[in-house]
Amino acid sequence: MESPDLRAIAEGERASRPRIEIRCCTAAGCVSAGSTAVLDTFKEAIRGAGLTDRARAVGVGCLRLCSAAPLVAVEPDGLLYPKVTLTSAASVVAGLSGRSAPVKRLDPTSPFFARQASVVLENCGKIEPERIETYIAADGYQALSHVLREMTPAEVIEVVTRSGLRGRGGAAYPTGVKWATVAKNPGAHKFVVCNADEGDPGAFMDRSVLESDPHKILEGMAIAGFAVGATQGYVYVRGEYHLPIHRLTTAIDQAGRLGLLGSHVFGTPFDFRIDIRIGAGAFVCGEETALMASIMGGRGTPTPRPPYPAEKGLWGMPTLLNNVETFANIPRILRDGPDWFAGIGTEKSKGTKVFCLTGKVANSGLVEVPLGTPIRTIVEEIGGGSPGGALKAVQTGGPSGGCIPAALFDIPVDYESLARLGSIMGSGGMIVLDETNDMVDVARYFMEFCKDESCGKCVPCRAGTVQLHRLLTRILDGSAGAEDLNRLELLSHMVKDTSLCGLGQAAPNTTLSTLRYFRHEYETKLKSGPLAARIKLPVLNPATAAIGGPVP
Amino acid sequence: MCTGSACYVNGADALTSAVTESSGVKLGETTPDGAVSVLAARCLGACGVAPVVILDGTIKGDESPAGLLSEMKGWVPGGIA
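Residue numbers (numbering that gives the first Met the number 0), protein chains in the order written: chain A, 0 to 551; chain B, 0 to 80.
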């Protein structure tokens, strides 16, 4: 196929734009708040007012402040309107001709916006996710074009390695090292897989990126395919994500028609196809070996590693598996260089991270900050603190993560610091808790999730999460004694140390971290009172003590 | 009824209790006259406006027990207040 002229497409797109662009957020949070009707109202009002040569209304991706949904941005003046209704939409359009009462606006220089970074989310809320021309006008596919024409696979891997990018799915493995491993392993075929099975409740980073900027993922995957020698890519996305699936399908279609995916990409010998595989909503399928089993048509259960997917993955072939956000960083790293990327973040944690800030916080939504930003900045400045009671803790990493108490909010958010505190960055869920939240109940809530989502293949996870949930429930209803607290702790460590995959290994994290920082909340609930819990029972064999006792 | 973490932290339990107590059915059940089914969802993805429920296909954010009951007024004769 002929190589597409990106510059001509970009110029055509820019020339077709009227001066004023009204951007309505059409990501899931705003759609649920009625933004589709708001967008229609804008279009209708612009037509009605005869302003079509001056203004147009478009649907864009996430504008970040989900608690003020539906959000609308008006360019070129950078005006941002919260909680837009059909009436206020009409007033905004009337205001364009200077005849209406002013509509309430947000201050784009407020900390929520001003303290954020824009690398992964650089196009979110700016381009139209369902029109490839707008992505190309924002320098899209230039990195892929450059890579295919002027770089060798080894050079691409070198750039990714030097950038210091680490996997954003939770495990934080150096991306360049993973790419190099897949590249050097021999195989008749190789595969690139994007993990978009975002199963944590309260996390919507990947969904927002897929809904707002799907081509960035496709471009990142194609660059990865060239670097490791793969010709086939899969995006594994959970079935509940209807809108991301729809937008990805549209994006793959549009890219294929322009020759940016498929055979002879950009007119070069490189072939790369991307297909979508839809999951059925099992949390464990976010684990890489379970995910691959599901892609191959099997039951989504994990298998022991090694062999790692980089050696024997899909159909026994070397397979590169990265998370959505990891791929989203790739085009920009190739475009602006590894040194630019490595200049953001801390010594060991480079770049930015997207978080979903939710819970007891004034401003909830999508937040991107340089790694190393203190939790306090995220929760108190960007999030605006708790609207009600005093802040107590923040839960990071979803069901696999842990709770960090407010007293430690000054620590920087990077992989090592969070791990030292007994939590994880995870994929980016960040749930703020205030003094009204009972930490034992929080632990029980996440254990219930893990218990339900355990695939049942290995005993520690299948039986252990059920027993842990029962123990937590007993502590909550006041029927547990001091020995139950010891048993909870021992069993937590056993499940963590002996489960087959990450789901079970991380399931006790919230329990252990709340025991570490909020032990008094457990102790005051014991039937024998707080003192009894301080008398440690002698434990001869931790294994029998943990599972041998009469847990109802 | 959304049971995701953001909704849980923001008081989804109180919403669930309000609906189950006034309708007389538990999560996953339907009223005897077949009028109302109360279902739990893992996460509706509208965490920014938690707690969230879906009433007959319409997403309702920042919901309170009193607000929810008033929106469901008349759904169950003699039941939901």
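FYI, nobody ran anything at the bench for these hints, they're computed from the structure.
Nothing here was measured: the structure is a model prediction, and the numbers come from that model.
Some hints could be false.
Unchecked claim - List time: in silico DSSO-like cross-link candidates among lysine-lysine, alpha-carbon distance up to 30 Å:
1) A:103 to A:82
2) A:82 to A:42
3) A:42 to B:59
4) A:82 to B:25
5) B:59 to A:103
6) A:311 to A:456
7) A:524 to B:72
8) B:59 to B:72
9) B:25 to B:72
10) B:72 to A:450
11) A:311 to A:495
12) A:495 to A:450
13) A:450 to A:526
14) B:59 to A:82
15) A:450 to B:25
16) A:82 to A:183
These are the hints, each one checked on the structure:
no.: 1; hint: A:103 to A:82; verdict: holds, 9 Å
no.: 2; hint: A:82 to A:42; verdict: holds, 18 Å
no.: 3; hint: A:42 to B:59; verdict: holds, 25 Å
no.: 4; hint: A:82 to B:25; verdict: violated, 34 Å
no.: 5; hint: B:59 to A:103; verdict: holds, 22 Å
no.: 6; hint: A:311 to A:456; verdict: holds, 21 Å
no.: 7; hint: A:524 to B:72; verdict: violated, 38 Å
no.: 8; hint: B:59 to B:72; verdict: holds, 15 Å
no.: 9; hint: B:25 to B:72; verdict: holds, 18 Å
no.: 10; hint: B:72 to A:450; verdict: violated, 36 Å
no.: 11; hint: A:311 to A:495; verdict: holds, 26 Å
no.: 12; hint: A:495 to A:450; verdict: holds, 14 Å
no.: 13; hint: A:450 to A:526; verdict: holds, 25 Å
no.: 14; hint: B:59 to A:82; verdict: holds, 14 Å
no.: 15; hint: A:450 to B:25; verdict: holds, 21 Å
no.: 16; hint: A:82 to A:183; verdict: violated, 52 Å
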